[in-house]
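Enquirer: Start from the sequences and build out the full structure, keeping to the hints where you can.
Chain order of the listed sequences is A, B and C.
The first sequence begins at 39 in the working numbering and counts up by one.
The second sequence begins at 302 in the working numbering and counts up by one.
The third sequence begins at 97 in the working numbering and counts up by one.
Just so you know, these hints were derived from the structure itself, not from any lab.
The reader is advised that the hints may include incorrect statements.
Taking lysine-lysine pairs in the BS3-like style, the calculated list, with each CA pair at most 27 Å apart, reads [to be verified]:
1. A:K252 x B:K303
2. C:K394 x C:K449
3. A:K208 x A:K56
4. A:K222 x A:K56
5. B:K474 x C:K449
6. C:K411 x B:K474
7. C:K108 x B:K474
8. A:K252 x C:K411
9. C:K402 x C:K424
Facing chain C, a subset of chain B residues (Cβ under 8 Å, in silico) [said to hold, decoys possible]:
10. L421
11. I424
12. I600
For each residue, glycine too, the CB sits at the ideal point set by N, CA and C.
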Amino acid sequence: MEVQVDKIKKQIEKKLHKSSDLKSRTVQFFGTDICIMYIADITDNLLLNESLIYPITSYLKTTDEDVYTTIKEKVLSNNEVGEADTVQQAIDELLTGKTLVIIDGAEKILTCDNEKVVTRTVGEPPTSVVIKGPREGFTESIKYNLALVRRRVKSDDLVVQNIELGKLTKTQISVLYFDSVADKNVVKKIMRRLKNIVIDGVIDSHYLVSYLQKNPKSLFKQVGDTEKPDILVAKMLEGRVGILVDGSPIALTLPFILIEDLQNSDDYYSQPIRVTFVRLLRLIGVILAVMLPGVYVALELYHYKILPTEFLVTLMNTTEGIPFSPFIELFFVVLLFEILYEANLRMPQYFGMAMSIVGALILGDTAVNAGLVSPPAVMVVALSGITFYIIPSQAAQFSILRLIGLIIGACVGLYGILLFSVFIISYLSSFDSYNSAYLAPVSPYIADDKKDNFKRVIIKEMKRRPKSIAHNKDNSIRRRKDED
Amino acid sequence: MKINYRQLSIMVFLSFISLKFLALPSVMYITSGNMSWLVALVLMIIDGLYAFMLVGLMKKCKDKNINEFLINTVGVVLAKIIFILLSAQFIIQIINLTKGLEFFVVENFYDDFNWLIYVLPLIILTGFMMYKGIRNIARVEEMFCWAITIGCIYIALKCITCTDPRAFLPMFKDGVAPLFHSAFKHYSWFGSATFLIMLFGKVDFTNAKKSVLIKYVVFAILLVQFLYFVFYGLFDTTSPTHNFCLSDVSQFSSNESIIDELSWLVVSLWVIAQALQLAVYGYCLVLSVMFAFNIKAKIPVIIAIDLLMFSLGYIGEKTVNFEQFFFNPAVSALFIFNEFVIPFILLIGYGVKRKKDRRKAKVVEDESIKIVV
Amino acid sequence: MKVLKSLFSPRKLLIYLCIIIFIFTVPQITHPSMSEREAIVTMLCVDSKDDKIQIAAIALAPGSGKDASYKVYLGEGSTVGEASNSIGVALGKAMGYAQCDVVAFGEEISKNSIMAPLDYLTRTRKVSGTAIIINFEGEIDKFAQGIASLYTDKKLHIEDILTYDKRFIISKECNINSFYRGYYSDIAQGMMPKLSLETESTGNAIEVQAGDSGSGGGSEGESGSGGGNLQSSGQKQYILNDGTTCIFKNGKKVYEFSPAEANKLRLFLVRSQSGIITVDNVTDSTFSNATVVLNLTKKDVQFNAKFEGDKAKFKIVIDLDVIVDEVKEDEPNDRFLKRNKEFLSEELINKIKEKTISDCFDIISTCREQKFDLMQTYETFYRYKHKQFKEFLNKYGDDYLNHIDFSVEVKVNSSY
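Expert: Below, the structure is given as structure tokens:
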């Protein structure tokens with residue numbers, strides 16, 4: 039390609055539909071026209087002036103070399119100077135925030151990195167608040183996010199593989215893993231799946247989820263996610279692969295197993311006994327969240343004989359005069375809860391508090407006083423609703439399961455709920471992906487992983503990487519005995 | 302899609318205990334009185350030995366499934382006959398489990414019982430698990446195994462102080478004849494290891510500890526004996542009137558006048574154990590029918606088996622006296638044949654095949670020596 | 097074929113089945129709760145009159161807060177099922193017996209046989225085997241109302257009254273399970289405590305105001321028989337629980353132990369571990385002509401059966417841990433400074449032994465007379481000396497108790 043400034047400038051302007059934010063400036067360098075093109079809002083003006091325009095315009099030395107080489111090697115003070123062989127390549131670079139230096143008569147176009155990173159500051163993510171431990175969270179800038187990871191990992195073992203996805207958005211995707219730890223087959227599989235994605239745009243990391251999971255239509259989560267670099271690094275140390283997407287503060291991790299959601303980053307910064315207790319609480323919470331309304335309706339409709347007489351008396355006294363059947367009553371309360379939740383979530387923050395009061399106190403209390411619903415029904419749904427958020431990342435799934443559980447409890451009773459629980463486990467058992475069993479280390483039972491499943495031992499004793507997660511078998515040991 | 306050795310052992314464990322805690326101790330008492338525990342013990346030991354033998358053979362034949370193994374060793378015709386016999390046994394075991402579970406659910410959970418509501422969810426669950434395969438079933442069993450076991454132990458321990466060990470005296474008051482009679486009559490409740498035949502080639506024996514299976518079998522026998530000790534110790538001569546060993550034991554307590562809620566939870570878990578065992582037998586039946594009739598598609602067989610479960614309950618209830626059906630000598634004879642004769646056919650077939658292979662190898666070796674010479 | 101295959105894919109089959117279940121269960125999910133569909137019976141009284149079975153069901157009725165109120169429903173029929181049905185028809189509700197923890201049998205039905213109603217209740221109506229069974233005296237409607245008002249006003253339940261001390265009371269032995277176990281044994285006997293509705297207060301009576309607003313009244317029942325307001329007659333009613341114990345043989349009531357006899361009977365019962373022993377005329381280094389009341393803190397009973405030649409010998413060994421509870425003496429002395437152990441002199445121990453042995457033989461002679469076996473004689477011989485006992489039974493039949501040599505050995509220890 040022989041570069042002619044005017045021609046190329048026109049080509050680029052035409053390609054970008056004479057976009058208003060496309061700026062250019064033509065300067066003379068020892069008689070040669072040089073056009074500098076950039077997109078205004080994503081280019082750092084100060085950097086552009088200091089590293090590009092000023093050096094070109096103030097360069098006085100003459101040289102035997104051609105203008106292209108002189109500018110590339112002696113004039114430009116940018117840290118990253120690249121070359122584009124074609125106009126299309128140059129446009130692609132321009133759109134990522136690079137500045138084009140088009141030199142008349144040259145064979146290539148120079149690209150300089152003057153990108154202005156527009157992002158919020160690093161803060162504590164609202165979905166992963168911790169009492170103890172790091173509070174840094176990912177932002178929407180992949181550069182910042184990579185920096186946060188790199189800051190924690192000073193090792194040549196960390197591999198970052200970048201690919202670009204989205205025909206229109208051309209979003210940068212970074213796949214991160216430890217070379218000596220991650221299972222190469224898993225990495226290959228992930229890369230293959232990512233490369234096969236054909237999509238016009240990737241707005242958030244969750245756009246990739248359905249492409250990465252085995253059962254994309256399933257209700258259950260099959261790809262892990264985190265907003266915190268410390269969690270991402272910890273997961274990568276166990277053999278997982280992390281995926282960062284530009285524009286998304288959420289990193290994806292693979293393989294994912296169900297027990298991950300019972301574990302919290304806080305767990306590793308607290309006392310093991312407390313952690314074991316809390317994890318058991320979470321497990322009970324899950325069961326309560328999903329099954330409680332169904333069990334309550336089943337007891338009311340079919341199995342009151344299980345209840346002790348004293349409890350039955352209280353139940354009878356409180357449900358007396360309710361015009362609806364127990365199922366309709368519970369269904370109504372569950373629906374009310376879901377509506378309140380959804381409204382609260384989307385409502386501006388200053389409305390939120392008022393909404394909670396209206397929903398929880400006024401609406402609930404009035405419904406009970408009006409005799410539309412009974413206090414036990416409100417209590418059951420409230421308890422189940424609260425326990426959802428013991429594992430916030432699964433709340434959406436629990437909500438649907440609760441509704442199914444409620445219907446089954448009403449249709450079939452306790453027997454149905456028992457079979458439903460077996461069905462869920464059976465369904466989840468078939469979710470193996472990326473060489474890891476979804477319900478491991480419980481089913482299949484992996485004895486070595488009992489150190490960090492429902493209980494947690496002290497970190498010193500966790501000498502091996504969990505076998506539940508597929509990783510490089512030759513590098514299973516985190517710490518040898520002689521390293522004690 | 303293989304299961305590991307531990308999962309196999311758990312499947313054996315649950316299979317050993319699954320039919321034993323419903324009507325069996327009650328109906329056995331009628332024939333063998335207070336020595337029924339001994340009948341159960343002996344038959345379970347036989348089941349255990351059978352399980353060890355089959356697992357040993359399984360290891361030998363490595364990746365071959367039972368169809369390939371039988372065709373290679375005993376021939377196609379005998380293989381088909383064996384599959385048909387096994388299918389018959391699995392059908393009977395499915396009926397026994399389904400009916401047992403039905404009575405258990407009716408008795409313990411519902412006042413106005415709708416049979417459709419009982420059978421349809423069961424069909425969905427077992428059909429789904431059969432479709433998903435043995436690894437899925439094994440994993441679910443692994444998940445619930447300990448909850449079920451702890452539940453059974455809890456129920457037995459709760460009432461152990463009320464048991465009267467004198468219930469087991471006098472021993473052999475009518476001699477040993479009633480015990481043999483009882484063993485034959487109730488054989489259809491045993492034969493718990495036969496399903497292992499269908500798992501040839503589906504078990505991964507890498508890193509398998511031999512002692513695991515022994516531990517689970519011994520534990521199953523001890524658990525059954527423990528619960529029988531409590532059951533007979535509590536109810537003694539009234540045992541025949543208590544049709545549901547587990548739930549009746551859980552509700553027996555002279556120290557409490559209300560039903561213990563935790564016991565209900567445990568009794569509920571038993572429903573899960575039964576459903577899982579049903580899935581195991583269902584899966585084995587699917588395989589044996591597929592092998593027997595050379596059917597390649599799995600789904601039609603699963604649908605047929607589900608329909609069978611459905612129709613047996615619906616039509617069979619009115620035409621067949623199931624309680625008498627299980628005591629039928631022909632049923633016992635079938636189970637005894639499957640448990641005592643089939644393994645020996647497998648063993649002999651395996652031995653003959655091995656000899657043939659060796660002879661062949663020797664001939665080839667001799668011929669190659671000749672060529673070299 | 098492709099269309100057929102897609103119609104019957106596993107996922108679709110699953111959906112079809114779920115839809116079928118839903119269709120079949122839609123009517124069910126709109127049902128009111130079971131407690132509204134059934135009358136929740138917590139106690140059932142059964143009696144017979146003129147060849148008719150009468151039942152009085154004490155059922156829960158909604159109240160406020162955590163307090164329950166109880167109503168009495170009366171029914172009559174030729175069988176318990178019919179009587180129960182008649183109440184159900186009148187109420188428009190099924191009778192739910194799952195929470196029934198006490199079943200009371202009247203005098204009349206107890207004499208005829210309680211086995212048919214008991215079988216109906218446990219087998220068909222699913223009354224739990226842990227439900228207590230009692231015998232009652234008096235008219236069924238008044239007794240039921242008395243109990244209902246006891247439940248509603250005093251918040252006191254029969255099972256609480258009967259089992260207030262699990263070591264002491266005979267009724268602990270008397271739930272349906274243990275009654276059945278006795279009935280299905282070769283001697284076919286069982287026992288149960290007796291409660292009665294009295295008009296005057298005696299001993300262990302609990303006052304009730306029968307027929308007040310909480311009890312509901314007999315008109316709730318189908319038959320509407322009885323259930324008058326007793327308060328209007330100016331009489332106060334009492335539920336009397338004095339320890340009277342009834343003995344049943346083949347499901348029929350054959351004997352009634354008075355409270356004093358029942359106290360003696362406890363000495364044989366393995367589970368009954370406490371009680372009171374009163375010895376008179378104790379004179380030793382501490383007491384002079386005193387009446388000493390001893391509290392039984394622990395008791396261990398062992399039975400020993402053997403044959404010596406043709407003779408059957410039965411030994412009862414009773415090990416008692418006692419503590420001196422109360423002393424009645426004309427002239428008090430300095431004994432309050434003594435420790436309990438020092439009270440148990442040789443003389444007092446002998447007196448206790450004498451008293452216990454004599455009490456035991458009183459019961460043994462009653463049993464011999466009435467031909468029932470409360471000392472577990474049959475059970476012990478049957479279990480341990482089966483063959484010889486079989487011959488012995490062939491020889492003496494029902495009269496076997498009169499041919500067994502009984503001996504009682506008592507050991508007395510101080511509690512601390």
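Enquirer: Are the hints correct? Go through all of them and say.
Expert: Okay, the hints, checked on the actual structure:
For the proposed pair A:K252 and B:K303, the alpha carbon gap of about 19 Å is at most 27 Å, so the pair holds. Taking the CA atoms of C:K394 and C:K449, the gap is about 15 Å. The hint holds against a cut of 27 Å. A C-alpha spacing of about 20 Å is found between A:K208 and A:K56, which places the hinted pair at or below 27 Å, so the restraint holds. For the proposed pair A:K222 and A:K56, the alpha carbon gap of about 46 Å is over 27 Å, so the pair is violated.
Restraint check for B:K474 and C:K449: the C-alpha separation of about 38 Å exceeds 27 Å, so the hint is violated. As the CA atoms of C:K411 and B:K474 are separated by approximately 24 Å, the hinted pair is consistent with the 27 Å bound. Restraint check for C:K108 and B:K474: the C-alpha separation of about 59 Å exceeds 27 Å, so the hint is violated. Distance restraint check for A:K252 and C:K411: the Cα-Cα separation of roughly 76 Å exceeds the 27 Å cut-off, and the hinted pair is therefore not satisfied.
Under the criterion of a C-alpha separation no larger than 27 Å, the hint pairing C:K402 with C:K424 is inconsistent with the structure, at around 42 Å. The criterion of a C-beta within 8 Å of any C-beta in chain C is met by B:L421, whose closest approach is roughly 5 Å, and the hint holds. Satisfaction of the interface hint for B:I424 is found here, the shortest Cβ-Cβ separation to chain C being roughly 7 Å, below the 8 Å cut-off. A least Cβ separation of about 6 Å between B:I600 and chain C falls short of the 8 Å threshold, and the interface hint therefore holds.
The structure does not agree with the numbered hints 4, 5, 7, 8, 9 stated previously, though it agrees with the rest.
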